[in-house]
Amino acid sequence: MSFKSKLTVALAAACCALALSVGAAKADTFTTFDVSGTFAGGAGGTLSGTITFDITKLAIPTPDVPTTDVITAADIKYSGSILVPVGPFNDPTIQTFCGCFGQFFLGDINTNQLSIVFPFPPPYPNFYVGGPITDGFINLCNVFGCANGIANELSGSLTPVPGPIVGAGLPGLIAAASGLMVWWRRRKKMA
Amino acid sequence: MKSKRYLAVVAFAAGLAAASAAQADTIDFSQFSGFALASGSTGVTVGGVSFTLTSVDGGGFNILVQGPNFGNWRGQFPTGETVVLGPGKPGPDTVTFGSAVTSMTLAAEPDIFGPYTATFTAFDNMGTTLDVESASSNSALNPGTIPFVTVSGADIFKVVITTTNDNLGFALGGAAPVPGPIVGTGFPGLILACGILLILARRRQQIA
Numbered sequence: 001m002s003f004k005s006k007l008t009v010a011l012a013a014a015c016c017a018l019a020l021s022v023g024a025a026k027a028d029t030f031t032t033f034d035v036s037g038t039f040a041g042g043a044g045g046t047l048s049g050t051i052t053f054d055i056t057k058l059a060i061p062t063p064d065v066p067t068t069d070v071i072t073a074a075d076i077k078y079s080g081s082i083l084v085p086v087g088p089f090n091d092p093t094i095q096t097f098c099g100c101f102g103q104f105f106l107g108d109i110n111t112n113q114l115s116i117v118f119p120f121p122p123p124y125p126n127f128y129v130g131g132p133i134t135d136g137f138i139n140l141c142n143v144f145g146c147a148n149g150i151a152n153e154l155s156g157s158l159t160p161v162p163g164p165i166v167g168a169g170l171p172g173l174i175a176a177a178s179g180l181m182v183w184w185r186r187r188k189k190m191a
Numbered sequence: 001m002k003s004k005r006y007l008a009v010v011a012f013a014a015g016l017a018a019a020s021a022a023q024a025d026t027i028d029f030s031q032f033s034g035f036a037l038a039s040g041s042t043g044v045t046v047g048g049v050s051f052t053l054t055s056v057d058g059g060g061f062n063i064l065v066q067g068p069n070f071g072n073w074r075g076q077f078p079t080g081e082t083v084v085l086g087p088g089k090p091g092p093d094t095v096t097f098g099s100a101v102t103s104m105t106l107a108a109e110p111d112i113f114g115p116y117t118a119t120f121t122a123f124d125n126m127g128t129t130l131d132v133e134s135a136s137s138n139s140a141l142n143p144g145t146i147p148f149v150t151v152s153g154a155d156i157f158k159v160v161i162t163t164t165n166d167n168l169g170f171a172l173g174g175a176a177p178v179p180g181p182i183v184g185t186g187f188p189g190l191i192l193a194c195g196i197l198l199i200l201a202r203r204r205q206q207i208a
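Top line first, the protein sequences correspond to chains A and B. Residues in the first sequence are numbered from 1 upward in steps of one, following this note's numbering. Residues in the second sequence are numbered from 1 upward in steps of one, following this note's numbering.
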């Protein structure tokens with residue numbers, strides 16, 4: 001292998017590493033999760049879909065310590081299917097996610113602990129790193145609130161959706177291609 | 001002597017009319033207003049007896065009206081009837097009376113569509129079971145098909161209501177007052193009394 005070809009490989013590898021590292025760093029920031037589980041309380045039922053919440057609404061966490069906090073229902077968006085028995089008054093199509101006192105709990109059913117570990121201290125508290133969040137505590141309530149929650153105690157998992165990887169990785173690839181282009185022109189000039 | 005006999009006849013006639021007027025008492029839940037009703041709230045039966053309504057765990061009730069729209073009770077009660085929906089969890093509702101009643105007619109429908117059996121148990125003030133009555137039906141959007149159940153006993157002080165299929169609780173409603181039978185049964189009594197009075201008057205005339 002010639003010196004030039006070695007340089008080419010090294011540069012390409014560096015660009016790829018740059019692209020991947022940028023993408024990987026961004027991938028740690030999750031706001032969207034796949035959710036699936038079974039309601040143990042109320043009428044029972046199942047839930048699956050995508051849930052999005054603003055992680056910055058959480059209190060600034062202590063690094064490497066599972067966060068204990070709640071997210072209000074207003075800061076949560078959900079799309080997917082809810083299969084819950086229907087009755088004369090309860091109807092999933094007119095229900096909303098809720099929690100007692102207007103709070104929406106994502107966390108262990110017993111401790112209400114949100115199992116998200118933030119490895120970085122402020123000002124980087126919003127990077128999510130780790131495996132799935134389990135035992136999401138999610139209620140589905142009627143118009144009168146949680147007194148007549150039609151389904152609750154969701155037992156299942158929230159798996160982070162790595163959507164931001166594509167958006168963040170593309171600039172890295174563009175930068176890598178630009179670098180290759182510059183190197184190729186210099187090589188041509190030298191030749 | 002004759003006046004005593006007249007008085008006895010009149011008293012008998014009045015008693016007969018009163019007995020025929022006695023019918024199963026019920027509760028008109030439209031006496032409550034708003035959306036929420038606390039467990040332990042008090043009211044008055046159609047027959048004028050005070051009562052207290054309590055839920056399985058002290059949770060509150062919601063006041064709903066049978067109707068076709070979301071937000072109404074879309075079940076089996078007669079359209080327009082006011083019902084109270086207990087906490088969204090299994091367990092009985094209890095109606096405790098301020099004084100004894102001899103019968104009570106109510107209906108219950110669970111907040112999950114499907115087959116169910118509603119059971120009403122009447123107790124006296126010592127906690128002795130006086131009567132147990134049940135009715136089975138299918139919870140559905142089918143107004144006017146709710147089976148009303150009547151429990152009877154000499155001194156009912158408490159009625160406990162349960163249903164099957166009650167994971168989300170159930171709604172409780174009373175029978176609409178039906179004044180017809182009171183007149184229909186009391187009128188023959190009055191005719192009978194008048195007839196006896198007439199016979200007495202004729203005998204009196206004959207004796208005279």
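Think of the hints as simulated: they come from the structure by calculation, not from any bench. Careful, some of the hints might be misleading.
What the hints assert, rightly or not - Reference listing, derived: stretches of chain B covered by chain A, where coverage requires no fewer than 3 residues with Cβ under 8 angstroms from a Cβ of chain A:
{"no.": "1", "stretch": "105-117"}
{"no.": "2", "stretch": "151-158"}
What the hints assert, rightly or not - Facing chain A, according to a computed beta carbon distance under 10 angstroms, are these residues of chain B, among others:
{"no.": "3", "residue": "Trp73"}
{"no.": "4", "residue": "Leu85"}
{"no.": "5", "residue": "Lys89"}
{"no.": "6", "residue": "Pro92"}
{"no.": "7", "residue": "Ser134"}
{"no.": "8", "residue": "Ser136"}
Ideal Cβ placement from N, Cα and C applies to all residues, glycine included.
Now for the hints, and whether the structure bears them out:
By the rule of at least three residues with a Cβ nearer than 8 angstroms to a Cβ of chain A, the coverage given for the stretch 105-117 of chain B holds, with 6 such residues. Beta-carbon proximity to chain A at under 8 angstroms applies to 0 residues in the stretch 151-158 of chain B; the threshold of 3 is not reached and the given coverage is violated. The beta carbon of B/Trp73 is positioned within 10 angstroms of a beta carbon in chain A (closest approach about 5 angstroms), and the interface hint is therefore held. Checking B/Leu85 against chain A: minimum C-beta separation of about 6 angstroms stays under 10 angstroms; hint holds.
Checking B/Lys89 against chain A by beta carbon gives a least distance of about 8 angstroms; that is within 10 angstroms, so the hint holds. Below 10 angstroms, beta-carbon pairs count as interface contacts, and B/Pro92 has none with chain A, the closest being about 17 angstroms; its hint is therefore violated. Violation of the interface hint for B/Ser134 is found here, the shortest Cβ-Cβ separation to chain A being roughly 20 angstroms, above the 10 angstroms cut-off. Interface hint status for B/Ser136: violated, as the beta-carbon distance to the closest one in chain A is roughly 17 angstroms, over 10 angstroms.
Hint compliance for this structure: hints 2, 6, 7 and 8 are broken, all remaining hints hold.
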